[in-house]
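Produce the complete structure using the sequences and hints provided.
Listed here are the chains, written in short residue letters.
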Amino acid sequence: MNNNENNKRTNAKNAEDYLANRLSNNDTIYIEAQINNIPIVKVEYDRMLLLKNTIQRQQTRDKIRAIHAEKMVEWKGENSENEGGRVTSLQPKKNNISRIFKIGGMAAAACAVFMIYLSVSPISTPDATNLSERGNSTELDSLQKLEFGYYLQGQKALSEDKNQEAIVMFQKVMEAKNIRPYYKDASLWFSAVANAELGNEVKVNEILKQIDSRSDFKYEISKVDRLKMWWKGL
Amino acid sequence: MKVSKRWSDQEIIQGILSGGRAEEGAIGALYDNLYSVLSRYVGNKSSKTYAKEPEDIIWESIEAMVNNVKEGKYQPQSGTNIEAYIKMICKNLWHKYLASETAREGRQEQYVGFDFEDLDLDVSQIIAQKETWDGYLNIFERVGKNCKELLNLTFADDVPMNELAKMMVETGRYENEQTVRNAKSKCLKKVLLEIGEQQ
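Line by line, the protein sequences give chains A and B. Positions in the first sequence are counted from 1; adding 2 to them yields our numbering. Positions in the second sequence are counted from 1; adding 875 to them yields our numbering.
Among the hints, a few may not be true.
Claimed, not checked - Just some of the chain A residues that point at chain B, by a computed CB distance under 10 Å:
no., residue
1, Asn6
2, Arg49
3, Tyr152
4, Lys205
5, Asn207
As the list claims (entries may be wrong) - Quick list of in silico lysine to aspartate or glutamate cross-link-like pairs, EDC-like style, CA-CA up to 20 Å:
no., chain 1, residue 1, chain 2, residue 2
6, A, Lys179, B, Glu928
7, A, Lys65, B, Glu1024
8, B, Lys880, A, Asp163
9, A, Lys10, B, Glu1072
Please keep in mind that the hints were generated in silico from the structure rather than gathered at the bench. Think of the CB as a built atom: it goes at the ideal place given N, C-alpha and C, for glycine as much as any other residue.
This is the structure in structure tokens:
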């Protein structure tokens, strides 16, 4: 990289830090003097300021369009509810003895299948497509999207049986500042799942106690998943 | 439509200026308070089909209002309430759009009912500024997903370069920190050049 290119990078970095208020008082005075006295630095700074404002306008636009779309869906839903609809009631058919026995047998068989299912099936994770769509949503800002990336990485690691890596990623989500509480709570549950896969019984029990003590826990754990965790001997 | 508490103009302005969730609430309130009035207005103006929907004019009007509040160009005590202000913007944006569509189709007549001399000075400035910003927003729209993400994190979220590089590598978007630095530098150079050409 030549000197000219180096200078440009330094100027760009200084302008970025100045716009983000990351400079000390002395550095701020120095940069302001450069902006006021060196035409090329001023041009660079003005363009960067314009870019920053453009990006902020883009975020405002994204926000307004997301709210617009949300309102349209909300009002459309309310209109169709108000239109009303006829509900066709489903009447049960007449019972007879043989049908009761038949149903009883089927229930016992289903019970056995369900027990096998509990012992062998993995605990469910959210659908991957659904997750990446949520990650691209315009409702999320860039930092949220990036922190959401940790959540996606955790899910990916969990599905690939890289449980230690999953625990690290879920821990990052729980420490993130900009992600919604829903994902933090989901990460807590999935870190229990990853720990269960590693056989860390003490840690799992500790997490489950923590989840049970929370009345405001946002992630809804299905009863089947709870049962699977219990059935796996934890 | 659910009946909720109607926000006052002052509450809406305060919400927009506060940003975050408060801003979202204020924009939602603008929709609750004004959407039906605005959609009746733009919806009744033409039976023709255009590239732009009346819906687009509504969000563009709200966007212009929100940006003006943020930049201090709209003051509640200036005599015009928010409803009247947005209606004025909406009317002018819609008429200007219809007029440009008519001209594009090569027809001689002006859009009936629109007299450019009636255009309020303040609103004409709003429209001119909107067109300038739309030009810059188009540049940003075209930069590509990865570049946009890097610039958003740098300039909207104020994430410093070293932190940005670390996060990008950790989330598997880039192989190493140097590739993040190079990608951002290349992207920034390209966007600043295009902005310079448009200035």
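| query | Which hint numbers does the structure go against, in order from smallest to largest? | reply | 1, 4, 5, 6, 8
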